[in-house]
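Start from the sequences, fold in the hints, and give me the full structure.
Protein chains in written order, with my numbering: chain A, 1 to 312; chain B, 1 to 280; chain C, 1 to 352.
Since the hints were derived computationally from the structure, they do not count as laboratory data. None of the values given here were measured: they were computed from a predicted structure. This list has only true hints and no planted wrong ones.
Chain B stretches covered by chain A per the calculated footprint, using a threshold of three residues with CB under 8 Å from any CB of chain A:
#1 28-42
#2 82-96
#3 103-116
#4 138-151
#5 249-263
In the EDC-like style, the derived pairs of lysine to aspartate or glutamate whose C-alpha atoms are separated by at most 16 Å in a straight line are:
#6 A/K25 - C/D15
#7 A/K25 - C/E53
#8 C/K328 - C/D283
#9 C/K124 - C/D91
#10 B/K107 - A/E27
#11 B/K189 - C/D91
#12 B/K35 - B/D47
#13 B/K189 - C/E101
#14 C/K153 - C/D64
#15 B/K170 - C/E53
A few chain B residues that don't get close to chain C, going by computed Cβ distances all over 10 Å:
#16 A20
#17 L21
#18 Y45
#19 T68
#20 F165
#21 V237
#22 K239
For each residue, glycine too, the CB sits at the ideal point set by N, CA and C.
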Amino acid sequence: MSLTTNKNFAPDQKGQGWKIFKSPKLEPFLYLSPSIILICLVIFVPLVIGISYAFQSISLFRPSDTGWIGFEHFEDIYQDRKFYKSLRNTFWWTFTSVILQFSLGLGLAMLLKAGFKGQKFFQALIFLPWAVPTFLSALTWAWLFNPVIGPLSHWMFALGILDEPYNILADPSIAMYGPIAANVWFGIPFFAITLLAALQSIPDEMYEAAAIDGASKWQVFSKITLPFLAPMIVITVMLRTVWIANFADFIYVMTSGGPANSTQILSTYIFLTAFKKLDFGYASAVSVVLLVLLLIFATLLLKMRQKFVRVN
Amino acid sequence: MSVFAKPAVGWTISKYIVLALYLAFALFPLYWLLKISVTPEKLIYSDGVALWPSEFTLDNFKSVLLYTDFLIYFKNSIFVSFGTAALTTVLAAAAGYAFSRFQFRGKKIIIGIMLITQMFPLLIIIAPIYRIISGMGLLNTLTSLIVVYTAFNVPFATFLMQSFFDGIPKDLEEAAMIDGCTRLQAVRKVVFPLTLPGLAATLGFVFTAAWSELLFAIMLINSNDKMTFPVGLLTFVSKFSVDWGQMMAAGVFALVPSCLFFIFIQRYLVQGLTSGAVKG
Amino acid sequence: MSNIQLRRISKSYGDVEVMNDINLEIQDGEFIVLVGPSGCGKSTLLRMIAGLEPITAGDLLFDDELVNELAPRDRDIAMVFQSYALYPHMDVARNMGFSLEIRGEKAQIIDQRTQKSADTLGLKGLLDRLPKALSGGQRQRVAMGRAIARDPKAFLFDEPLSNLDAALRVEMRLEIAKLHQRLGATMIYVTHDQVEALTLADRIVVLNEGKIQQIGKPLELYQSPANLFVANFIGSPTMNIFDVKRVGAELQLVNGALIGMSGGGAAVSFGIRPEHIAIVAQDKGHVVGTAEVVERLGSDSNIYTQVDGLGQVLIRHHGNTELNIGDKFGLEFNVSAAHLFDSDGIRLTLDK
Chain A
1 MSLTTNKNFA PDQKGQGWKI FKSPKLEPFL YLSPSIILIC LVIFVPLVIG
51 ISYAFQSISL FRPSDTGWIG FEHFEDIYQD RKFYKSLRNT FWWTFTSVIL
101 QFSLGLGLAM LLKAGFKGQK FFQALIFLPW AVPTFLSALT WAWLFNPVIG
151 PLSHWMFALG ILDEPYNILA DPSIAMYGPI AANVWFGIPF FAITLLAALQ
201 SIPDEMYEAA AIDGASKWQV FSKITLPFLA PMIVITVMLR TVWIANFADF
251 IYVMTSGGPA NSTQILSTYI FLTAFKKLDF GYASAVSVVL LVLLLIFATL
301 LLKMRQKFVR VN
Chain B
1 MSVFAKPAVG WTISKYIVLA LYLAFALFPL YWLLKISVTP EKLIYSDGVA
51 LWPSEFTLDN FKSVLLYTDF LIYFKNSIFV SFGTAALTTV LAAAAGYAFS
101 RFQFRGKKII IGIMLITQMF PLLIIIAPIY RIISGMGLLN TLTSLIVVYT
151 AFNVPFATFL MQSFFDGIPK DLEEAAMIDG CTRLQAVRKV VFPLTLPGLA
201 ATLGFVFTAA WSELLFAIML INSNDKMTFP VGLLTFVSKF SVDWGQMMAA
251 GVFALVPSCL FFIFIQRYLV QGLTSGAVKG
Chain C
1 MSNIQLRRIS KSYGDVEVMN DINLEIQDGE FIVLVGPSGC GKSTLLRMIA
51 GLEPITAGDL LFDDELVNEL APRDRDIAMV FQSYALYPHM DVARNMGFSL
101 EIRGEKAQII DQRTQKSADT LGLKGLLDRL PKALSGGQRQ RVAMGRAIAR
151 DPKAFLFDEP LSNLDAALRV EMRLEIAKLH QRLGATMIYV THDQVEALTL
201 ADRIVVLNEG KIQQIGKPLE LYQSPANLFV ANFIGSPTMN IFDVKRVGAE
251 LQLVNGALIG MSGGGAAVSF GIRPEHIAIV AQDKGHVVGT AEVVERLGSD
301 SNIYTQVDGL GQVLIRHHGN TELNIGDKFG LEFNVSAAHL FDSDGIRLTL
351 DK
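Structure below.
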């Protein structure tokens with residue numbers, strides 16, 4: 001590793017810029033270390049501790065009863081009907097939200113792709129829901145569904161969807177549609193922005209060549225646009241699915257998991273177990289299960305993506 | 001999509017109709033928030049589902065500012081959000097610069113670690129964080145929120161900053177170093193002025209994220225004088241759930257800063273999101 | 001002004017050695033061109049001289065002083081980048097005066113020097129423009145102006161003309177040649193364009209795969225290339241190379257034709273430049289060929305000729321030619337200008 005053959009050479013005072021190569025392997029770490037240290041201390045250390053909690057009894061209500069208990073929490077989970085309910089709801093909540101966000105987002109991106117006068121202004125407005133703080137979106141939608149103050153139940157009544165204008169958030173059979181509606185509203189911009197950027201990166205020559213080859217609109221979409229977007233779609237859908245599965249704000253604010261646990265998903269269940277029951281051990285065990293499920297999902301999707309890429 | 005042929009008029013009209021529907025869907029909830037906030041209290045029930053308030057007032061905003069704790073929440077939130085944004089941007093700029101300008105052993109691993117933080121349920125660390133923070137005696141402090149938020153936001157902000165640095169040719173720094181700059185001088189005089197939009201976008205993005213965080217704020221803050229806006233508003237809602245006009249006025253206050261930031265930064269976010277997603 | 005010495009310089013990235021045992025001594029005021037195909041390491045070598053790349057092993061000396069460890073800023077060199085690397089947020093004047101500004105020069109002196117180099121390069125009216133408001137040629141001039149404004153020990157050029165169109169390239173080439181004459185400064189110039197190398201250089205360094213193939217004056221390289229690589233790389237159109245074998249005392253082409261050369265004991269290849277082949281009657285000359293493609297360039301004609309058992313041979317004929325496609329004729333090699341190479345590709349010295 002000697003940089004010089006002449007070690008006696010000493011750079012003069014002004015040569016301090018020489019740091020560049022003096023430790024060429026260490027310099028990037030100098031810039032990275034504050035971030036890495038912070039992330040390790042605030043995220044990874046607690047992560048390891050959090051996973052270890054899953055095998056301990058840690059409840060602030062029963063402080064005497066603390067200690068290692070092996071897989072007891074997981075055995076409890078196995079028998080926990082609330083857990084299964086939350087798991088089903090998590091699937092329902094996540095996939096309905098993602099599918100609606102994605103298809104509406106893709107539609108919007110396609111419409112915006114061609115471009116029109118005043119598009120920049122229009123775009124800033126239509127992407128606005130994304131900028132609204134999530135707790136506020138949740139509150140706003142909760143208010144919209146409230147028949148006292150919001151119009152939605154009255155409209156649904158007028159359309160014959162509801163028998164009378166009542167708050168759907170209080171009806172266990174349909175309460176989940178409330179947070180889902182808010183989530184779709186909030187999530188369309190993310191998909192529209194990413195897909196629009198991806199669409200704009202498809203070279204015009206591709207479309208011109210397809211036009212010369214006599215492709216129909218549908219053929220152009222299915223044979224050119226979609227395959228080009230596929231890798232991007234898989235990634236964004238994966239990131240979004242994982243994010244939404246973890247995302248508790250809307251449900252926590254709008255329904256707190258109720259009524260009768262009809263909107264309880266795993267992440268709200270974890271939060272409420274930790275926050276209201278202060279049973280950190282059980283909350284951690286449930287989050288470990290959620291983590292494992294998400295890892296399985298992400299792996300499957302990435303495998304699928306590899307196949308996609310090979311086909312392309 | 002075809003190269004020359006103009007699309008049919010019917011097609012164009014239906015396109016604009018659909019776009020208008022999207023716009024209505026996007027803006028209606030925000031409009032409703034605004035509408036209730038400017039409706040006089042006595043008319044809230046009688047106006048009901050009317051699309052337009054029959055009378056207009058700013059009383060709700062006045063009482064929120066004068067008779068509630070929202071100014072304190074607002075101040076706390078501003079402090080936490082600016083603190084987080086400033087700290088995160090500094091850290092992310094340094095890390096993004098390292099990713100952009102150096103090839104080094106372990107780079108992939110570090111990028112992988114940062115990506116993972118964006119993937120796993122952060123709820124898993126909520127209990128340990130609570131215990132660590134309380135063990136350090138930092139419960140109920142805004143500092144604890146800034147530290148936690150910064151750690152959450154550094155990874156994405158780093159990828160964002162990296163994409164901005166990637167857009168600045170390495171040649172420029174090298175030219176500056178040959179012109180007599182140290183690396184720090186080259187960064188300060190050449191790279192920094194060119195990254196200003198990127199820094200601003202990152203600041204804005206992190207500010208918005210910190211502004212709206214709820215769960216950790218609920219967990220780590222419980223005294224009224226330290227509450228951030230989300231927690232304060234939520235407490236207000238559960239305590240006085242009938243004062244609709246005031247709540248919505250408070251909501252409008254919460255909305256303004258992040259919307260302002262968003263309108264300013266949205267085009268940079270497209271860049272960051274795209275390169276981030278492609279890299280993943 | 002200074003002389004620059006490279007002694008046994010090598011460069012590795014991890015375990016991969018990209019540059020090996022480079023020795024070169026550059027005299028004060030000399031114009032050296034580093035030339036070679038892309039990936040040959042010429043830019044890496046230049047960047048090592050500039051201090052932008054660490055040197056793995058070997059010594060780099062400026063005026064007999066070891067500078068391996070010196071930061072770029074302390075080497076007192078100027079560099080013109082392929083991309084020009086103009087600072088986009090500074091106007092032309094500030095771009096040119098930036099290095100003086102960094103060194104804490106007085107505003108008045110900066111102004112004076114900037115004006116002077118702007119005059120030299122015809123940039124007078126553009127001093128308050130930003131780079132984005134300049135044409136490609138103007139940017140190139142600013143990049144050069146930035147270099148001359150500071151009067152450095154040496155100028156480094158990294159393919160400075162490759163982003164210009166053909167006409168501008170010729171113009172700027174001339175400009176650089178004049179600049180060198182006027183300043184008399186040491187210049188090191190990297191290019192892949194052999195015309196730039198041949199026209200600008202006092203001496204050319206031909207590089208391939210991280211090794212110096214030959215160092216010499218432009219004509220030396222043309223007339224006596226050290227090896228097959230240099231023979232092929234220098235000269236346009238490229239040299240014709242044929243396999244030869246020894247039959248008795250005589251060398252014979254693979255198709256059996258004798259070329260009238262003896263000596264050159266170990267020769268396996270015979271090289272002849274297109275301009276050293278004459279067109280003669282069919283029964284004269286060394287071999288017979290048929291014209292396949294004729295390119296008429298006005299001042300010259302290139303005749304791509306098919307020769308039985310030998311393949312394609314390129315002939316360069318001065319002026320216009322009357323030959324047409326399909327014509328048969330004899331090819332006479334000017335053997336005194338031809339070269340022989342051994343099995344390692346090294347040129348054999350013949351006693352002519």
